[in-house]
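S.K.: The residues making up each chain are set out below.
There are 4 protein chains.
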Amino acid sequence: MEKPSLDKNLTTWKRKLYIIIYGTSTKLGRLFDIVLLVLIVLSIILVMLESVASYNIKYHDQFYFAEWVITIFFSIEYILRIISINKPTKYIFSFYGIVDLLSTIPSYIIFFVGGSNMFLAVRALRLLRVFRILKVTRYIGESQKLISALKNSRAKISIFLFAVVIICIITGTLMYLVEGPENGFTNIPLSIYWAIVTLTTVGFGDIHPLTPLGRFIASFIMIIGYGVIAVPTGIVGAEMSKDMSKADEIKPFICPNCGEKEHKPSSEFCHNCGKKLNEN
Amino acid sequence: MEKPSLDKNLTTWKRKLYIIIYGTSTKLGRLFDIVLLVLIVLSIILVMLESVASYNIKYHDQFYFAEWVITIFFSIEYILRIISINKPTKYIFSFYGIVDLLSTIPSYIIFFVGGSNMFLAVRALRLLRVFRILKVTRYIGESQKLISALKNSRAKISIFLFAVVIICIITGTLMYLVEGPENGFTNIPLSIYWAIVTLTTVGFGDIHPLTPLGRFIASFIMIIGYGVIAVPTGIVGAEMSKDMSKADEIKPFICPNCGEKEHKPSSEFCHNCGKKLNEN
Amino acid sequence: MEKPSLDKNLTTWKRKLYIIIYGTSTKLGRLFDIVLLVLIVLSIILVMLESVASYNIKYHDQFYFAEWVITIFFSIEYILRIISINKPTKYIFSFYGIVDLLSTIPSYIIFFVGGSNMFLAVRALRLLRVFRILKVTRYIGESQKLISALKNSRAKISIFLFAVVIICIITGTLMYLVEGPENGFTNIPLSIYWAIVTLTTVGFGDIHPLTPLGRFIASFIMIIGYGVIAVPTGIVGAEMSKDMSKADEIKPFICPNCGEKEHKPSSEFCHNCGKKLNEN
Amino acid sequence: MEKPSLDKNLTTWKRKLYIIIYGTSTKLGRLFDIVLLVLIVLSIILVMLESVASYNIKYHDQFYFAEWVITIFFSIEYILRIISINKPTKYIFSFYGIVDLLSTIPSYIIFFVGGSNMFLAVRALRLLRVFRILKVTRYIGESQKLISALKNSRAKISIFLFAVVIICIITGTLMYLVEGPENGFTNIPLSIYWAIVTLTTVGFGDIHPLTPLGRFIASFIMIIGYGVIAVPTGIVGAEMSKDMSKADEIKPFICPNCGEKEHKPSSEFCHNCGKKLNEN
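Chains as they are written, first to last, in UniProt numbering: chain A, 1 to 280; chain B, 1 to 280; chain C, 1 to 280; chain D, 1 to 280.
Isolated chain A, as found in the complex (with noise of 0.2 Å):
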């Protein structure tokens, strides 16, 4: 979600509001999101406990009322949020607005329409509030090192990845063939799923061949897999190992002639402008 830009034209409340709910600068505002992380927190371990046939039967009061707490609040936070911003669309549209909302109505559907008659699908929607925990990856700073070098060597991943993928069709309709339905590989898909499961070394061991040369196909993706899995590794390695590099040796002395901040250490003149540098 990106943080909607402070409007100037909010009445005094509004913006006072809007500092605690969207910033992090004043107490209020740090005091407000730990509230809220601890509650998104509580409420996941809240769905995590009910989904628990044992514990739901046992705590189920309990467990309403923290609902009714958790939804109370939720929903409070969401209106304040509305309101505390000038585009209010902006916030309702985005990614979190829509979870936000969606992972609320559900606690009042089923108290308007009655408990008794509880859908699932209503009861479904509630997970979403799951997706909430993504909010607290917005706290953590290092992270952000670990997401452009992800992002840098996406395009190469996204290949092998690719790549990977028509391995596990070819495969799998392989050994469709050879092992077949009276061996476990009851379609191509199946197939498909086996080869993922065998070639990213999971191994569930649901399904797995019984022929001698559906062993020897299979030996034969383990390998690959075994082997292949350097490919990813050596991409983000090599990434992060010039960005590191990168972050070492370039010392930022600043050319004093062209402003030019980039220079090997070993450098005496400015590589830009060819002005002498006095190395600090």
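Hints are supplied without guarantee of correctness; some may be wrong.
Stated by the list, open to error - Capping the alpha-carbon separation at 30 Å, the derived lysine-lysine pairs in DSBU-like fashion look like this:
| id | chain 1 | residue 1 | chain 2 | residue 2 |
| --- | --- | --- | --- | --- |
| 1 | C | Lys151 | A | Lys135 |
| 2 | D | Lys151 | C | Lys135 |
| 3 | B | Lys90 | A | Lys151 |
What the hints contain is simulated information worked out from the structure, not anything from laboratory work.
Please build the complex by placing chains B, C and D on the supplied structure of chain A, with the hints as guidance.
M.R.: Chains B, C and D alone, transformed into the frame defined by chain A:
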């Protein structure tokens, strides 16, 4: 498939056809490629869905119709490819030429011999069309770098995988001795298959050691496999690191004044003597 | 455990004892360490063997005897450690102090309360001695480099693992919705456990998707897990590469003539101006 | 096996034999090696096929015949190897000498004692010939680099694997406590085996946690294993990167004054004697 060189002696319509089918520079040529790609993907999806028994019963007629549409298109494509080049044998006996032919024939055989007498072996030929997906790779530029990095480290990776196979043969034989047929290690090839499943960290679990000594040896193999995966990764990673730093950081243009050879590609002045560089 | 500083006010025999127990510079000190290490390893093997039911019945008396020998030795060691330093609380409340105490007590409790009433919880305490194996790590020099490399990339790896956990929470919840209790995904925590098992490419196979959609999502997770393992590898690899090249190739001694700073440690003359270098 | 040095006092035919058997520079020497390699591979395939019960019944006579052909050839090879060198004990007590002898004996024992009384232990000796496959590695040049890279990082990898074993001992003991014999974790060694299976991401699934706490600890181990695999990869990768950049960057132009061979490409003066370098 190598792109056959454009023959000057072709008649005009043949040349036009050639440019459309084998080329990618004209609008029609690109359209032809896109339509072909879509049909390849569709034909593969069709083959996959047909292999699902429940779908095949339900949508038999639709599948039959789609099959014929695709067969006719690929037949026309095959004929056009042959008549538009001067040396058709070059295409016919290329990998894609054989795949294109073999995967198109079955539909005709089934039609003339009769649907009820459809042999499995003939039907299986149709699955060859899955190899056509490799044509897609032609259109991805970035993949060249990956392939070149893999090619450069091919020798080392082959040796590594060869070493893996030798370790698996030895440990597989050992496990056959230790565990024996009564614990599922019924023969040496199967034990070697198990060793490959284990060393590559796939671990299906269809066969697993049951004696303490067998488990001890298995632990040994697993830890080796876990530690040794570093080797191909290191190879490819080092190879890529080298490629990247070569491509990115140093273009070899020599300073005409001091002879310094390593300059950043963006440098306009030599960082060693301050002389203006004439980039080539 | 930090090595408590040698206190000058200790009586002579206390000082001698201190040097033997906490030091490694004297012959007796090294002997003490070796005997201790052997006994730690033996006590761990003993605990392991005792847990095997068939061995425990067969060799019950020998185990009982060995248990007491080890208990008495560790008790003496514990007492000596306390009386040989001035501030015993520093040792007593250190990690190893607590482990040493808790893992020695059970034998006495069992002896005084009676063997037949031996509580499982008390017995379990004895297993704490397995943590004593960590003392062994103190004696391995090379491990420092590894630990420092890990420490340097700790922040990045933590974020990476945090991201992995978030992905697992989201996909686990998704799989609970898609597969549901009837396919083994009985509740959300279990589904998250499955997602972790799958993403980390372990793949036990106790739970696995059975619906086509579930298998599709699973394929997605597996391919992500397979591609994403590159990230921590890249981080540590880059970190180590940096450490190695730093340590190996460039010792910073500056040429007194031209100021060139990067010389190979074996160089005797500056490679930039040819002046003799005075290595420090 | 070290190549025994050519002894000048050998009679002429012994020298010729020596050159053929131990050398690879003559035509006959290479032919001998190729025949030997083929026979080693054939003998291993034979042992594998014999272990498959159905093949053994069907082709018993053929296997028996092939076995004798191979046994006789390897016997002759063994005798020739002994008589062609001056110090036969050097070969006899080398690794391959023992393997060659032990794997040839069983056939004779079975022949003289009688086929029906064939002891399993004697038969098992024949499987030793699988180690002969290691002879193949001698012929691969590239493998030296890999082995040297592994050797250089041997110390670090050993410590890493030692750390893995310690983690497995601790978590295995923990899981024994948490899950206990009733959930398949029947004793501590088995639990440690499970921890190894899990940490190395193999995951057979023969044993897996069933309690929530056990699953939580398992998740922890898996995520550690997934994150920690980066360490050996980083070690080997960094080692290889170093090797490669060494090979690449240090261009062998020899100092005309002192003969020092390794100079950085940017050096203008020899770092060993201070003489001006004439770059080629």
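S.K.: Decide, hint by hint, whether the structure agrees.
M.R.: Verification of the hints:
Pair hint C/Lys151 plus A/Lys135 holds up; C-alpha atoms about 27 Å apart against a cutoff of 30 Å. Proximity of D/Lys151 to C/Lys135 is assessed by CA-CA distance (about 27 Å); at most 30 Å being required, the pair is judged to hold. Straight-line distance between C-alpha atoms of B/Lys90 and A/Lys151 comes to about 42 Å, which puts the hinted pair past the 30 Å bound.
The earlier numbered hint that this structure contradicts is number 3, and it is the only one.
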